[in-house]
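The whole structure should be built from the sequences, with the hints applied where relevant.
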Amino acid sequence: MNLKHHIKSPIFGMIAEAAREINTDAYLIGGFVRDLVIGRPSKDIDIVAEGSGIELARQVAQKLGRNTQISVFKNYGTAMIRYSGDKDWEVEFVGARKESYNRDSRKPVVEDGTLQDDQNRRDFTINALAISLQDKNYGEVVDPFGGLDDIHQKIIRTPLDADITFSDDPLRMMRAVRFATQLDFYIDPDSFEAIRRNRERIEIVSAERITEELNKIILATKPSRGFKLLDETGLLKIIFPELVAMKGVEEKEGVRHKDNFYHTLQVLDNIAENTDNLWLRWATLLHDIA
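Just add 761 to wherever you are in the sequence shown, counting from 1, and you've got the working numbering.
What the hints contain is simulated information worked out from the structure, not anything from laboratory work. Where is the CB? At the ideal position from N, CA and C, for every residue including glycine. Be careful, since some hints might not be right.
Derived CB-CB ranges, DEER-like [unchecked claim]: (1) P802 x Y899: 17 to 27 Å; (2) D1049 x H767: 21 to 31 Å; (3) D849 x D945: 20 to 30 Å.
Within a straight-line C-alpha distance of at most 16 Å, the following computed EDC-like cross-link-like pairs (lysine to aspartate or glutamate) qualify [to be verified]: (4) K769 x D849; (5) K765 x D873; (6) K1008 x E993; (7) K977 x D1049; (8) K859 x D878; (9) K989 x D1037; (10) K859 x D873; (11) K1008 x E1034; (12) K897 x E778; (13) K1019 x D1049.
Structure (structure tokens):
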């Protein structure tokens, strides 16, 4: 597949030209490519360079002119440019890399790598898609794991062994549920079972990172789907036991009433049709707890 007709903004041509000038290969990668294929709006562009992402960012900034805002994060080997042209773009540059993990941490040991190494480390096939910015094949999609097919079939699947993917970085289990909820996709059965097997690994992830994913699930069009998936995988009992405790039919004065867990999720879906306010949605989720 070639998507060159979908990347017409001047920023893409400037990045391609800058990469050519410093003799490096550059690719659009990740969520921007996924959303481009889906037809979902996105202003955040991720660029991976087979070389220094920071050097490429500086070359692009130089071409854009002195008023260009560039932020460099040397410790992470990344740089960010904000570009206001045909749209307000945020472009993040990083060098291609490969990763290895220590079992006690989700922070990887990072080494320089190739595009293939960088795609191998991605969480899901739909996020491992890349688009070439080289003259010889400009706009061509690089899809080593069948991510395009998975988008068409609405499947969330890991590119490599799911047990290793989720054990290495357990936050990816939350991300699988989040993407399934946001995109109305399904989690591949093998990946789903791997989440169930590795659910206890979520305990090494900080509460802040878990909360970020929960917020994104709550802000989805139908958030109940995410909480049901979290429950089915066993993650919810670990990260939010108070919500699981509401499961079961409640009786009042001998009269069977309602299952507060599913009642709460229905009310959450109801309010989601009327407001995007995160805190109103949280208040709804918590309204019957305890």
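Going through the hints against the structure:
1. P802 x Y899: 17 to 27 Å: holds, 23 Å
2. D1049 x H767: 21 to 31 Å: Roughly 46 Å apart at Cβ, these two residues miss the hinted range, so it is violated.
3. D849 x D945: 20 to 30 Å: holds, 27 Å
4. K769 x D849: holds, 14 Å
5. K765 x D873: violated, 28 Å
6. K1008 x E993: holds, 13 Å
7. K977 x D1049: Violated, at about 21 Å.
8. K859 x D878: holds, 5 Å
9. K989 x D1037: violated, 20 Å
10. K859 x D873: OK: K859 and D873 at ~6 Å, within 16 Å.
11. K1008 x E1034: violated, 24 Å
12. K897 x E778: Judged against 16 Å, a Cα distance of about 13 Å means the pair holds.
13. K1019 x D1049: Holds. K1019 to D1049 sits at ~12 Å (cutoff 16 Å).
This entry does not satisfy hints 2, 5, 7, 9 and 11, going by the numbered hints stated previously.
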